[in-house]
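Let the sequences and hints guide you as you build the complete structure.
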Amino acid sequence: MSMIDLMKTRRSIRSFLPKPVSDEDAIKILDAARLAPSGGNRQRWKFFWVNDPQVLRMIKNCSPGFYGDAPAAIIAGLEDESGGPGGVIGLLDIGFAAENILLAAHALGLGGCAVGSFIAASVKKVVNAPDGFKPVLIFSIGYPDKTPATPTKKKLSEIVYLNEYGKSWEKLEGL
Amino acid sequence: MSETFDDRYFDLTMKVLNYAMEFVNQPSYASLRMTDVLQSLVDISAEIEGVERKEFYASVKAKFRDRKLMTTKQAEVDFLNELLTLYVEEWRRRK
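So the sequence lines, in the order shown, correspond to chains A and B.
Numbered by this note's numbering, the letters in the first sequence go through residues 1 to 175 in order.
Numbered by this note's numbering, the letters in the second sequence go through residues 1 to 95 in order.
Computed cross-link-like contacts, BS3-like style, restricted to lysine-lysine with a CA-CA straight-line distance of at most 30 Å:
1) A:K46 / B:K95
2) B:K61 / A:K124
3) A:K155 / A:K171
4) A:K167 / A:K153
5) B:K15 / B:K68
6) A:K125 / B:K54
7) B:K15 / A:K19
8) B:K68 / A:K124
9) B:K95 / A:K28
In short, the hints are calculated from the structure, not lab data.
Now the structure itself:
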């Protein structure tokens, strides 16, 4: 499947089959995260692969937005450095890595959902993260049980201007 | 994922604790009310058949006995963190 098709067919998966994710696939997904761009190539991110059911259970206890019995999860966060844990650029870096994670999972026949609703202090305590580590996103990962329908997306003509604010691009009419 | 009723009850009470933590920085009483719910769940735990961690809930109950009037947000945050530590330590003991 082409990258464009992967983008078009990826869905946020919140319902999973009780089937483990292989270490090989986990490594491919994490490597895709590693290859994401980062501001100044600083790569301040750290990723936790969580496949221990007991740890996963505790992560879910700390994450109201974590739906479904995913067999694995990824915690993506920023390491502290002088000047704080990355600021907005660091958050954007995690965003770049997030899309790579979700597209790589989809390419491998897996699925997942980015979870922003979690209690960072609790998650840190569960995974023994140091004070300077800031979890930014958690991803549920597993084999999709149900694939949701395509959600409604705004039309290109609604969100794209040509050269000037408010100026529509006729080529986008109907798109 | 939870297998026993005891695990499920532990997970439920820990989720309530996390909801209290989620709301702690909001300008409302939501966090305090969620903490009250947790206290009630802990209070009745000894009477619930299938809840096995009597000693653990007794230690959480003891922590609630020390709960003072929360005059600052930081006091509330610190108290919830102490409860969280009890929960994570209990989980590690049984892991």
